[in-house]
Amino acid sequence: MARISLEHIRHAYSPRAKAAGDYALKEVHHDWEDGGAYALLGPSGCGKTTLLNIISGLLHPSDGRILFDGRDVTELSTEERNIAQVFQFPVVYDTMTVFDNLAFPLRNRKVPEAEVEKRVNEILEMTDLAGMAKRRAQRLTADQKQKISLGRGLVRANVNAILFDEPLTVIDPHMKWVLRSQLKRLHRQSRFTMVYVTHDQTEALTFADKVVVMHDGQIVQIGTPAELFERPSHTFVGYFIGSPGMNFMPASVEGVTARVGDQTIALANAPILRSDGKIELGIRPEFIKLGRDGMPVTINKVEDIGRQKIVRATFCGQPLSIVLAEDDDIPTDAKVSFDQHAIGIFSDSWRVENRSSRQGG
Amino acid sequence: MEKTWNNKAWFLVLPVLVLVAFSAVIPLMTVVNYSVQDTFGNNQFFWAGTDWFVEILTSPRFWDALWRNLIFSAVILAIEVPLGILIALNMPKHGPGVPVCLVLMALPLLIPWNVVGTIWQVFGRVDIGLLGYFLNSLGISYNYTQNTAHAWATVIVMDVWHWTSLVVLLCYAGLVSIPDAYYQAARIDGASRWSVFRHIQLPKMKRVLLIAVLLRFMDSFMIYTEPFVVTGGGPGNSTTFLSIDLVKMAIGQFDLGPAAAMSIIYFLIILLLSWVFYTVMTQSDAEQS
Numbered sequence: 001m002a003r004i005s006l007e008h009i010r011h012a013y014s015p016r017a018k019a020a021g022d023y024a025l026k027e028v029h030h031d032w033e034d035g036g037a038y039a040l041l042g043p044s045g046c047g048k049t050t051l052l053n054i055i056s057g058l059l060h061p062s063d064g065r066i067l068f069d070g071r072d073v074t075e076l077s078t079e080e081r082n083i084a085q086v087f088q089f090p091v092v093y094d095t096m097t098v099f100d101n102l103a104f105p106l107r108n109r110k111v112p113e114a115e116v117e118k119r120v121n122e123i124l125e126m127t128d129l130a131g132m133a134k135r136r137a138q139r140l141t142a143d144q145k146q147k148i149s150l151g152r153g154l155v156r157a158n159v160n161a162i163l164f165d166e167p168l169t170v171i172d173p174h175m176k177w178v179l180r181s182q183l184k185r186l187h188r189q190s191r192f193t194m195v196y197v198t199h200d201q202t203e204a205l206t207f208a209d210k211v212v213v214m215h216d217g218q219i220v221q222i223g224t225p226a227e228l229f230e231r232p233s234h235t236f237v238g239y240f241i242g243s244p245g246m247n248f249m250p251a252s253v254e255g256v257t258a259r260v261g262d263q264t265i266a267l268a269n270a271p272i273l274r275s276d277g278k279i280e281l282g283i284r285p286e287f288i289k290l291g292r293d294g295m296p297v298t299i300n301k302v303e304d305i306g307r308q309k310i311v312r313a314t315f316c317g318q319p320l321s322i323v324l325a326e327d328d329d330i331p332t333d334a335k336v337s338f339d340q341h342a343i344g345i346f347s348d349s350w351r352v353e354n355r356s357s358r359q360g361g
Numbered sequence: 001m002e003k004t005w006n007n008k009a010w011f012l013v014l015p016v017l018v019l020v021a022f023s024a025v026i027p028l029m030t031v032v033n034y035s036v037q038d039t040f041g042n043n044q045f046f047w048a049g050t051d052w053f054v055e056i057l058t059s060p061r062f063w064d065a066l067w068r069n070l071i072f073s074a075v076i077l078a079i080e081v082p083l084g085i086l087i088a089l090n091m092p093k094h095g096p097g098v099p100v101c102l103v104l105m106a107l108p109l110l111i112p113w114n115v116v117g118t119i120w121q122v123f124g125r126v127d128i129g130l131l132g133y134f135l136n137s138l139g140i141s142y143n144y145t146q147n148t149a150h151a152w153a154t155v156i157v158m159d160v161w162h163w164t165s166l167v168v169l170l171c172y173a174g175l176v177s178i179p180d181a182y183y184q185a186a187r188i189d190g191a192s193r194w195s196v197f198r199h200i201q202l203p204k205m206k207r208v209l210l211i212a213v214l215l216r217f218m219d220s221f222m223i224y225t226e227p228f229v230v231t232g233g234g235p236g237n238s239t240t241f242l243s244i245d246l247v248k249m250a251i252g253q254f255d256l257g258p259a260a261a262m263s264i265i266y267f268l269i270i271l272l273l274s275w276v277f278y279t280v281m282t283q284s285d286a287e288q289s
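Chains as they are written, first to last, in full-length UniProt numbering: chain G, 1 to 361; chain R, 1 to 289.
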């Protein structure tokens, strides 16, 4: 178990990278606390897997250093770093039985056979594969194979960290919940540092204590699920987290009021604007009220998704999503009002802090 | 749904039947016809029954050629398969080296067989050949036209040069189909180089390897052109393989009857061995699935 520090890591797949756009990973500088359960969340192609492979040593970063507990491991091989990693698609050794597959990482490290037996049986129990320990791995279904891959990642007792690269993609939804809660339990027992890559926000939010959101090769926000939801620090986090995502609309700000179109919206605090960049007002669909008072809005469509209703509307020429409880009525000639404390102001896509929050802490 | 019977469909397979008749059935039957008769020319035939078959199967000449051929096939398989795997494992998987290697590997396969023979025949000559002249100037009295061991070595090296590429290309095709994740997982699991070969690369190459072995066995068992051009079957009969012997008998000596009988025996041996290979292949497949 170790604290993993990434110091100014950058990576480009082409050796001749010059412009920032050539980098799959732009400057990542971040510490992963010892024993933390992290989720690395972002859309496909944002650099999640690259970052993971750099931590495990499968890739050598173009720039920067990696430290485990303060020791520089940048030049060390995957094996010397002592890291377990589970990949997106199942990797099984066809020639071996299920048991031998799980024992493989231990036997390669000359673990005594009695210990191998004990560890493998624990994993067989956990992944529900105990009945097929003696079977050849080749004849299994895709999700059984993936459970073997997962098991091989978990079987070693003294790893510095366990990295998961979208490990549950091929597992069916019911089994996903079971395995995810088992991983969570395992984390609580073992306190391994775990990094879990996913593009599924539900998976990220249920697994992790801290979610690291990546976008276009950079980390845009690190926070608890609640922080990501309530105070997204980048417009990308706003619309990637939450369903539907945050509403953003171009605005201009003066003191404690914001103007969107011809409407004036009161803010709780005055934001501190430093640049003349593009200003946007953001608000989550959950914090918008639909009633008889407020600002005019045109309702286009109401989607009933079971326990909630999603209202698609147009406000000052901008699309606006509103989430209502299942039994909320939508008045005719409805008006909208925004919850003052839920409004965020974004300048060039980044959240602008306001005076009170700066003074307060 | 009711089946509809339409005998007109037979007309659609007719062209292929005619083609197969002319290309395979009729020639084969002609050979069968020759094998049971004796002729002295002038289109006069005398019934010989199984005499020619008995003669061939009891002649030391046939058995010698058969053994020579089996040993030759075994030797070239023992060299070409491991060597082919070794080269395929060391070929680059990415980058500009890939097309260069592929073209280099394909080159020997693109050369007509008689030209391959001619190249080596000249290459090995003591007076003007680069190889022969060079070896002799080193003090090795190399001469493939007089020394049996030298003749064998020349024919084997030539076959290895000519056909190892085929094994390489087939193995390479098997290797590049292995996803990167397998190698990455092996590194994470701390697998040794040997384990990676034994548990990842070899299982994935198994099917193409069986095809490579089958093709190389069949081809080497029927080898004719290259040794014929280089050594002409000599010195003595030392490199006279089955097909060379067959041609000598049929065209050299004009013993059409024994030659026809030998063709049929030769054909049956190849059929039998193909069946053995096929059975081995399909059984190992059944074991896998």
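Hint data in this document are derived by calculation from the structure and do not stem from the laboratory. Among the clues, some could well be false.
What the hints assert, rightly or not - For lysine-lysine, the following DSS-like pairs were computed, each having C-alpha atoms within a straight-line distance of at most 27 Å:
1) 93(R) x 204(R)
2) 26(G) x 118(G)
3) 210(G) x 176(G)
4) 118(G) x 134(G)
5) 18(G) x 206(R)
6) 134(G) x 206(R)
7) 278(G) x 309(G)
8) 301(G) x 289(G)
9) 93(R) x 134(G)
Between the alpha carbons of residue 93(R) and residue 204(R), is the straight-line distance 27 Å or under? This hinted pair holds, its Cα atoms lying about 16 Å apart.
Does residue 134(G) pair with residue 206(R) here, judged by a C-alpha cut-off of 27 Å? holds, 23 Å
Is residue 210(G) within 27 Å of residue 176(G), Cα to Cα? Distance ~20 Å between residue 210(G) and residue 176(G) Cα, so the pair holds.
Taken at face value, is the distance from the CA of residue 134(G) to the CA of residue 93(R) at most 27 Å? It is violated: about 35 Å lies between the C-alpha atoms, which goes past 27 Å.
Against the 27 Å threshold, does the CA-CA distance of residue 118(G) and residue 134(G) hold or violate the hint? Between residue 118(G) and residue 134(G) the Cα gap is close to 15 Å, so the pair holds against 27 Å.
Given the hint that residue 26(G) pairs with residue 118(G), test it: the Cα-Cα distance must not exceed 27 Å. violated, 43 Å
Is the hinted pair residue 18(G) and residue 206(R) satisfied, with a Cα-Cα distance of at most 27 Å? Measuring from Cα to Cα gives roughly 44 Å; hence the hint is violated.
Is it true that the CA of residue 301(G) sits at most 27 Å from the CA of residue 289(G)? holds, 16 Å
Is the hinted pair residue 278(G) and residue 309(G) satisfied, with a Cα-Cα distance of at most 27 Å? violated, 32 Å
Violation of the numbered hints given earlier is confined to hints 2, 5, 7, 9; the remaining hints are satisfied by the structure.
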